[in-house]
Each structure stands twice: as C-alpha cells, then as structure tokens.
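A.B. asks: Below, each chain spelled out in residue letters.
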Amino acid sequence: MYSEKVVAGFFIVLALTLNAGFVYGDIENIAHHSVYELAAAIAVNLIATTMKLGDKTQVGCVLLATSLVADLQLFAAAAVWGFASNVAGGVTPQHTTTIVSLATGAMVANIVSVILYISDTVHSKR
Amino acid sequence: MRENEAFWIVIRRLRTPILALIVTYTISIILLTLVEGRDNNGNVHHLSFFDAFYIVSYTANTIGFGEIPYPLTYPQRLMLTITIYMTVPAWFYALGTIVGLFRDKAFKRELKRIIFRRQIEHFTDDFVVICGYNSTSRIMIDKFQKYGKYRMVVLDKLEEKIDELTLEGYYPIVPALAADATTTDVLEDAGIASPHCKALFVLFEDDDLNLKVAVKAKILNKNIEIVAESSFTAGLHNLTDVGVEHVIDPYHHVATRIEYMLNTPHLYALLNWLGGGNLNLSRKAKLTRGKYIICSRGRLGKAIKEILLKNGIEYEIVDIFKETKAKDGSDRDLLLKAGIETAGCLIAGTPDDAVNLSAIITARKLNPGIFVMVRENKMEENSVFAALRANTVFVMDKIVAVRAYNIIARPLVIRFADELIHKSDEWGRNIVEKLTEIINKKPQLKEILIDENEAYALMPILKERAVAYKDLVADVDGEGRELELIILAVLRRNGEFIMGPSFGSAFEAGDKLLIAGTDDAIWEFEEILNNINKLYFVLNKKEMANWLFEKAARFIQNKVKSRQN
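First to last, the protein sequences are chains V and A. Take the first sequence: its letter number 65 is residue 57 in my numbering, and every next letter is one higher. Quick note, my numbering runs 220 ahead of the 1-based positions in the second sequence.
Keep in mind that a hint or two might mislead.
As the list claims (entries may be wrong) - For the chain V half of the interface with chain A, some residues (derived, Cβ under 10 Å), not all of them:
#, residue
1, F2
2, V27
3, T42
4, G46
5, W73
These are computed hints drawn from the structure, not numbers from a lab. Every residue, glycine too, gets a C-beta built ideally from N, C-alpha and C.
Only chain V is shown next, with the shape it has when bound in the complex (with noise of 0.2 Å):
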C-alpha cells in the first residue's frame, strides 16, 4: 500500500460522487440542487488537481489536465449562480439549466479522470 497513492484516488473518486451528487435531479429545479455540494465539489476538485501536481508521468499530465478541465467548468458554474442571485435579482430556471450543464461538463471530464485513473492501477505491477 501506497498512502499518497490512497489519497490522492479518494479525491479523484469523490470529485466525481460529489459532481455527480450535485447533478442528479430536475435541470430546471434549483432546489434539486444544493449550494454546499457544489461547492464541496469546487473544493475536492482542487484538491484533486493539488494532488495530480508534479506527477510527471505521461499518465499524470493527462491528470491534471482532465482536472483542470473539470475546475474550470465548477468555476463557471459557482460564477453563473453568484451572477444570477447577486446581480440578475434571483435564479430562473434559465439560469438554472446553465448551472447544472456546465456541472455535468465537468463531471465528464470527472469520469475521463477515474477511469484514466483505474486503467493506470490496472497497468502498475504493484
């Protein structure tokens, strides 16, 4: 066992339970969808991306790379609500089906991430 290899697949895992936790539900309900696990999801996802730092493997770029892509889509996300409840004056389902597609974006490159991820384990000899 390998701890740093532990932590880092439990961030890269819960990344996406958290993305995919936030996404589920009616795309056009904003209470289908809770602030705190977007932003639990924002959270985990740089810490994942901390963790796929420095990894110099051709794998590992690949990493970052996906976690990158899935930060950027949960920033977009957060900045689309901060607008729409600080700025438009309230969250229109509009505004809502914005939010969770840009989620969902990120969950993809959450699931490219895991199963990059998993085939790598799969590969390693150890």
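With chain V's structure known, arrange chain A on it following the hints.
C.D. replies: For chain A alone, coordinates are given in the frame of chain V:
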C-alpha cells in the same frame, strides 16, 4: 520530461501549501454561510457563498474591508475569528514557500539551464563549444569575437568562472553554464548534437577529463571536430583512437620552437608570429649552442631534452621547483652546482611563475650574458615578465589557445606552420623580409576562399581570362600603388598546397588563399574580389562603363543635337 527534473520537484513542493489554502478556505467559507446573521430589519440572514468567499478572500490576506453586507452578529464574528486564525497562517505558509522556491539553488540552476538551452536552440549561425573558462579559453573567445566566424558556448564546472564570463559582457552573447561537462546531459544542453555545432574544445590540464568529454561528444555527434589538449604520448594515442582529430601538446610545441630557434631563426620568427607573437627580427642571431640548464623536471623538461639530444647540445636538468618548494636549497646553490657561470642558456620552465622569476634573476646575477627562456603560466603576470626582459617568453596558455583557434578558424595557418619544417632558413628569411618590408607592422592573417561568396566579382571573370595575383595587387589605383599584402600560401581544389606562391601565378576557382597584410590592405583586397566596378578598374585601369549613365548621356546628346537642328 527528463530535462527539467528539478522543475518538477519544485512544483511538487508547492503541493502542501496549496492544499492548506484550499482546505482552510473551504472550511471557512462553508462555516460562514452556515452561521445565522441578521439583516438591518432584524430578519434571519445567511451569508451567500459569494459573500462568504469575498469576506474570506480579503480577510485571509489581511486586507480587511469590513463587515458586509450587514454588520456581523456575535456568532458570525466568532466564526470569522476562527477563519482568520486558519487562513492567514495558510497564506503566509504559501507565500513563504513560493519566495523560498525562488531562492532555492536547484530551482535557480534549473531556470538558468532552461535559459541556456533556449539561447543555443535559437542559434542560427555555426558555433563552437568550449569546455573550461580559463586564460586559454579567454584568448580564444576574444579571437572568435573579433573575427566573428563562429558563435561560442562555454561550459565550466565552477559558478564563479561563469559569473566572471558574464561580467565580461561579450556581444554577441556567449551562453555559458556552470555544469559538469563530462556528463552527456550537459553536452546535449550545450548543443553538441546540433548540426550548427562545428567544433568542441576540451583544453583541461587533465588528460583523463579531456578523454572523457571527447568520447561522449563523439558519440553524440560524429561530425564535429574536437580539439583536445594532451601532453602524454599515451594520452595522445587514446584521444586519436576515439576519433579526436586535433590533439595539442603544448610542451611539444615549445620544444619544437626551441629547435627552430637553434637551427632556423627566420622560420622561428615566422612560427612565433603565426602563433600570435610579433614578427620580430631583432633576434636574428642563432641561439647559442653552449651548455643548457633546464629548470624543469616534468613533461616540458623531457620534451626539451629530446630536442637538445637530437642536436647534440650539452644540457643539465635541475629540479629547482621541487627543491625550493621543499626548502632544501636556494636556487642560487642549485644553479651554481649546475654550472650556471659557464652555461649559455637557461630555460626556466617550472609550473610556478615565482620560481621561474627568481631563477632568472639569480641566473642573470651569476652570469649577466646568459640567454634566458622562461615559461609563463599565468597571463596575469604579463607585466612582470615583460619588465624582466627575458630573451624568450613561452606563454603556455597562449600557445595552446592560438593553435586551438587556428585549427578551427584558420586551418591554412596550421598547415603553413607545419610545412615550415620542409623549408630552408633562407626561404624563411625571404618571406620575413618581404613581410617586414611591405607591411612593417604586425601583419594580420586572413583566409579567403575563391568562390561565389568570398570572391563574387572575380568568379565570372575567371571563366573568361586568367588573373594573376599581381594583377590584383601590384597596382590598384592606376598610379602604381601596391596593396600591402602577401599571399603566403594557397590550397588548390585538388589538394595541392603551395607555400609562398609566386606573384605571377593565377587565381583558380576553389583556391583557398592565406594572406598576410595590414587590416586596410586585406579589406581593400576583399573589396576588389567582390565589387565588380572596383575589380574592373583594377584589371583595366579605367572605370567600367555604366549602362544607365551612358543611356542618359546619349539621350542628352541627342536632345542637344536635335535642338541645334
């Protein structure tokens, strides 16, 4: 990825501070949104995520804008206090790590290496790599910079040496890196494998080191020429075995010069001049054949001994360096014992300048008429050696540097110097007299290849008529002004090498000429070779007809005529 190992290590080191920031931020933001607050009307109000992020952002880095959007309640203030004590240290930790990184030696070295590699990748000209920055390479760099044939790249193990080089402020820039030249990585960084890299100089005092670098460089790039210093016969064979084309043995060169001095002083004058000295004729007299005292036990002493034996000259070797260092005796006693009072010549050839200087002064006192040769090791002592007025000074670094430079930049000079051995002193006197008569100063050397690039104007004319050297040199302004230069040698395209070709011989396409002359004369000669109008004038002693000018003249003439009619 191999190339920036340290860079990745550094990135990894940033992980913990970044994680600390993310974790403390997340906890703070979530807690702040959870705690109940009141708006201005006393209603329950929770901070939004944006507000919480805003507050944490300006609190964490100690900016502190205040309590928004409503004054905080006591539970919120309690929460914010906790936030402050979590996030502010996290920030300091992160900043401290980043600042520390830029002071980190490995990181700095890596950055320098990246810059170095970039500089070399962007070279569009041919360049040479010089291993070791010392007085030898300094002379070479100056020469390369002055005549601008190749760019240079310098490697040295010591940081201080590289700093010294940077302070010189060479332009065009000479990229330099403090690194171990014996490793393949470093040689690759220095661009050995690049097709622009033409030569590698390994001039360390240590033969093993030279061999190590040479072998690796040859593997990386078969086509580069390697110039190496070596003073052992065995080392020389090792180097030639791995394919090093040019091995310089400085002691052998000193010994050879002494032999020239003994037998053919005019050829020596030429050789000395080709090696970067002045073309000095004041020492026309042959060297004495009296007893020689050699103060050098090492490789230099051995090389000189062989020459003296060959010429049947009596000699005595004194190990003045070892004995004076061990305080076993003064050089006075040693020299007296060796018979300094009746000796004809003293060669002070130890690797210590102070010992050499002391030996000369003592010898002069004991025998004022003695001929003195001295080995100068450190170029910094130049003025001291000059003040002593030793009859001959051998500057080891300079001998190596000039030869190394000539091998790569002016191969004809090397060829010319090596062929001198087949010439008589009479021949040498002829050349020396001609040189001093025509040029009278320190003549410059120049190689010119007769081709489209270096003789643009002459090439088409060579197809129509024969042009002799004297046609271009003897009378350049129609009034008998002769260019102050001599064609020392010519290398024909078929490989024939002619020393001192006669003035009447003709140029041929593909000839490589070795020319000695004043700077101005060489410059003018190159212009004659390349400027069609000037060449036409020199060959025909009249200005070339100008097509446009003639047309215009004819047009005006016709106009005038028609008007008269």
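A.B. asks: So, against the hints stated earlier in the document, which numbers end up violated here?
C.D. replies: 1
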